[in-house]
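Below are the chains, spelled out letter by letter.
4 protein chains.
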Amino acid sequence: MPDRERDLLADYELGDNRYGKSRIRLVTVRRGPTEHNLRDLTVAVALEGDLDAVHTAGDNAGVVATDTMKNTVYAFARDRLTGSPEAFALELARHFAGYPVVERASIDIEEHRWLRIPVDGGEAPDAFVRAGDLTRLVHVTANRSGAIQVEGGVGDLTVMKTTKSAFAGFDRDRFTTLPEVDDRLMATEIRATWGYRADDAAAQGFDFDAAWEAARLALRQSLAEHFSPSVQASIWIMATAMMDAVPSIDWVRMVLPNLHHWLVDLTPFGLDNPGQVFVSTTEPHGLIDATVHRRDAS
Amino acid sequence: MPDRERDLLADYELGDNRYGKSRIRLVTVRRGPTEHNLRDLTVAVALEGDLDAVHTAGDNAGVVATDTMKNTVYAFARDRLTGSPEAFALELARHFAGYPVVERASIDIEEHRWLRIPVDGGEAPDAFVRAGDLTRLVHVTANRSGAIQVEGGVGDLTVMKTTKSAFAGFDRDRFTTLPEVDDRLMATEIRATWGYRADDAAAQGFDFDAAWEAARLALRQSLAEHFSPSVQASIWIMATAMMDAVPSIDWVRMVLPNLHHWLVDLTPFGLDNPGQVFVSTTEPHGLIDATVHRRDAS
Amino acid sequence: MPDRERDLLADYELGDNRYGKSRIRLVTVRRGPTEHNLRDLTVAVALEGDLDAVHTAGDNAGVVATDTMKNTVYAFARDRLTGSPEAFALELARHFAGYPVVERASIDIEEHRWLRIPVDGGEAPDAFVRAGDLTRLVHVTANRSGAIQVEGGVGDLTVMKTTKSAFAGFDRDRFTTLPEVDDRLMATEIRATWGYRADDAAAQGFDFDAAWEAARLALRQSLAEHFSPSVQASIWIMATAMMDAVPSIDWVRMVLPNLHHWLVDLTPFGLDNPGQVFVSTTEPHGLIDATVHRRDAS
Amino acid sequence: MPDRERDLLADYELGDNRYGKSRIRLVTVRRGPTEHNLRDLTVAVALEGDLDAVHTAGDNAGVVATDTMKNTVYAFARDRLTGSPEAFALELARHFAGYPVVERASIDIEEHRWLRIPVDGGEAPDAFVRAGDLTRLVHVTANRSGAIQVEGGVGDLTVMKTTKSAFAGFDRDRFTTLPEVDDRLMATEIRATWGYRADDAAAQGFDFDAAWEAARLALRQSLAEHFSPSVQASIWIMATAMMDAVPSIDWVRMVLPNLHHWLVDLTPFGLDNPGQVFVSTTEPHGLIDATVHRRDAS
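Going down the list, the sequences are from chains C, G, X and L.
Heads up: the first sequence runs through residues 1 to 298, numbered per our numbering.
Heads up: the second sequence runs through residues 1 to 298, numbered per our numbering.
Heads up: the third sequence runs through residues 1 to 298, numbered per our numbering.
Heads up: the fourth sequence runs through residues 1 to 298, numbered per our numbering.
It should be emphasised that the hints constitute simulated quantities derived from the structure, not laboratory data.
Just so you know, not all the hints are guaranteed correct.
Stated by the list, open to error - Chain G is nowhere near these chain X residues, computed Cβ spacing over 12 Å in every case: (1) Leu115; (2) Ala147; (3) Ala202; (4) Gly205; (5) Arg216; (6) Pro268; (7) Thr291.
Unchecked claim - Using C-beta positions, here's what the derived DEER-type ranges look like: (8) L:Pro100 x C:Gly275: 32 to 40 Å; (9) C:Asp11 x X:Glu35: 28 to 36 Å; (10) C:Leu263 x X:Arg80: 54 to 62 Å; (11) C:Leu263 x G:Ala147: 31 to 39 Å; (12) G:Gly169 x L:Arg174: 37 to 45 Å; (13) X:Gly122 x G:Ala131: 51 to 59 Å; (14) X:Arg30 x C:Leu263: 55 to 63 Å; (15) G:Asp207 x L:Ala131: 31 to 39 Å; (16) G:Gln204 x C:Arg174: 51 to 59 Å; (17) C:Asp59 x L:Ala131: 49 to 57 Å; (18) G:Asp199 x X:Ala61: 36 to 44 Å; (19) C:Pro118 x X:Glu103: 36 to 44 Å; (20) G:Arg6 x X:Ala61: 54 to 62 Å; (21) L:Gly15 x C:Ser145: 38 to 46 Å.
Don't be surprised by glycine CBs; every beta carbon is placed ideally from N, CA and C.
Isolated chain C, as found in the complex (with noise of 0.2 Å):
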């Protein structure tokens, strides 16, 4: 091995790099005069700057402790989560943008949702359940210079469509046995997220809720609707739909498994089984990944 003592500088250079604190885990409770209102969020924090010395030297000289990152979060958390989870992730990422060492900051968030539980006459005030059917996802990110990126989305929303779906017309070769199908099930975990036109997401006021309720209702209908020819071509078909629904939308990303479900032979037992029974399954599972732009982005 090398002397080590040597000045590996003159061998080596640090690359891309950031640091920060994940799975922060914020509950708030507003405490009305007749009712609790209850927020639930998974906040991580990521910062990139003037952090050669650090790596290099060991001098940790203007470094944000990621336990001050986590402090800040519940400090913040106080008396500035009253709107979006996007309008409080700026300014969590507004805040560590300011720091010397800091040229950008990077927030995300999950927020997971309760529903007040249904009584009789009513809802509870006071107790809330786990909706446990997606998770609302924020990234955003404050540079030095002030310039801010915000995207919104979905994730954990698993579905399944019975019909209108196929997959046919691929091709084949020696290792492909998969017959064509003009009907079959369409199961997948849903992970969307979107871009915000820059100048939407900076302007004071803009209603990231409404905007994010609408893409999730585009999302919902397209999805209900559409007939699938592939995973690919429903991510076009949902992404259009959601960018349809909301003009402050730029782009739509979708990350989907295709959770196979086989139709299983019962014909040894002397059974058909016209479309009735399946054996659902993780592993393998396909993956599509694709992101659609509007072409006049900002």
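Let chain C serve as the given structure and place chains G, X and L on it in line with the hints.
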């Protein structure tokens, strides 16, 4: 090491034993003229019986292969999974209890809920979203003699009460640092199982779906409304409410983690925190396990 | 719904119950003059006793808070976690069994193994890698009367036999499609637990570490060497080998999933597959659970 | 909502996209005259190329079905998985890059290590235990042009330094409460990946196994020996040591969570705690991600 060729039965004997197939992933689609119905079950089969020679002599005569169990579940699903999961489990359990070596057959089912996707003007007939808010649980046993036991349940039901929960008056000794509190968050992931009266469960046409729904609603209502002096007392209150609501239930068991939410100390940052900002934790957690019986249980 | 203000104790009674603290994550470092020793345990405490009023009346008098249990585990770890995890569990169990309300205290420990990192010329005195090949299991109970039970075990031990495993001679009926095989892969994740003779376990200076190590080695040796006509027979063979090796063990229980590896059909691609290429699966899986007793058990 | 029957391509365009098959679980057994050899891989295939019409027109002409990818992996494993996982990945990547629609093919492999079970007098020829201490990582791409990239790596490698780790000199502001420490535990789960010089990787007979082993040993040695002023500095130190040891490596990237171990305050119980008893945590955690390059990289 002693001579392994000797008669091991002189020194050792087989004790409790069971075997079966777990994680049988079953999805069915029923294709009606106007809409599809989707079911999603994870099934486990376990058998007990005259299996000494299987273990001690390597003699597989009479053994029902676990692969055969899996086949049977799929074959039965073709025509017999038309009502409640409890009824389906009973058919399976009685079938397996009919094999000569089997003394007792157990069926466990987790039913995963899917909801129709809302679309403009109603609901999609053939597109579904996985609910994710709870799992329906079934445990059924059938004996060679014909005796049966049926249990229902809910799992994966994560809930939170933001007030009406306290914990005080407990023992204090030199290892105690927890302060008494008259108002705390109570969060848990409910796993509740219950036993149906044997004669009700065995009756033709007993409505397991209605019983399960009534139990679930009573659990939900009592969860939201009661004042909790401890998780233990909450179990008593919720379990008795469920049995009040469903006379066919003989006992209720709950296993409840106490998922602590700690108030964040914001004073270093010059902020108060009157029950607003919490850190959500999963480990360590309290774990409370209790069963409540009806006194005149069957 | 009936009047909830009535005397619920007229209709209902508390059954089996226990409560405690789970997932207490404990790491200790002992700093010797030449090297450090690292321990990593996950501890759970559970108590049973006179807890009727806690449940039915919300009266917490005498209740040991689960937070106090956690504190006690950390405080005891300061000076008393110096030998086997079984000895540490016994100290904790006896402590908790001394509280007036407690009839029985149970301690469960998972010990995660760390190994010194090999370096040029030996091993690092202060750097460790987590082994990941198995977890050591401990379950101890102490009663108010002073009676104790001590169980050892191993978990998370994933193994495979690439031959000397068969499955034939089993029942065939109309739901059976599995062919008989005289040579298959057998893969499982072993969870084996065993009970020590009460008088041995209670003896001052009983060497739990030596007993555990001997049991582990006998399990490993017999696993590698035996011919398996079924997973059931494997349990009998391995369990009796372990008791042959460790006279203080009264019984052994194993819970073994049968993690199927299916031979891939390569004939569509013009290839044979003489036991070469397999698809590894986790669901569905067989699950075999059996206990073997020493006939003259204590 | 606008008319969805219009020409969507007027408004939208497809951006980055890829698709493939993930979680292909492959086990091979090579049956030599005296012993078996066991391999256990999880393989993922991803393709990029001329896929616009697949997405925007639902035209699957030329599409390689993900089922075909899976078949190909199993068929290739029959005779071609005889050397390093990198060599196997290269064969697969070059095969897939040969399809007309494919511009670039990527193969990811996780190799899970199995060790022969030690038995009296040596090692079992046909019985194995899963190591669990680390996963070997491979990422290979092949372009239509013939250009390739090969990356190696290790994952799931959990390590701890019980001294020679500090964190001091960092920024302090009003959100900072973390004290400076000159001696702390440093625990992390290492994910390190690295890129091989393209000409070395493309050379016939390049010994990927030797390179991987040398990189692993250098990582291990430097991990154990260095003094860490921060996780960032540790990455620099370990990455440069790996490149010192393996000239064919151009760059190393590490993604390291900082798995905090907090010293337990035992003073309420009348005990000191001089670096003895810690609570192990996983959330929140620091997360440090950095790449180090060789200056004269290819």
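Which of the numbered hints above does this structure break?
7, 15, 17 and 21
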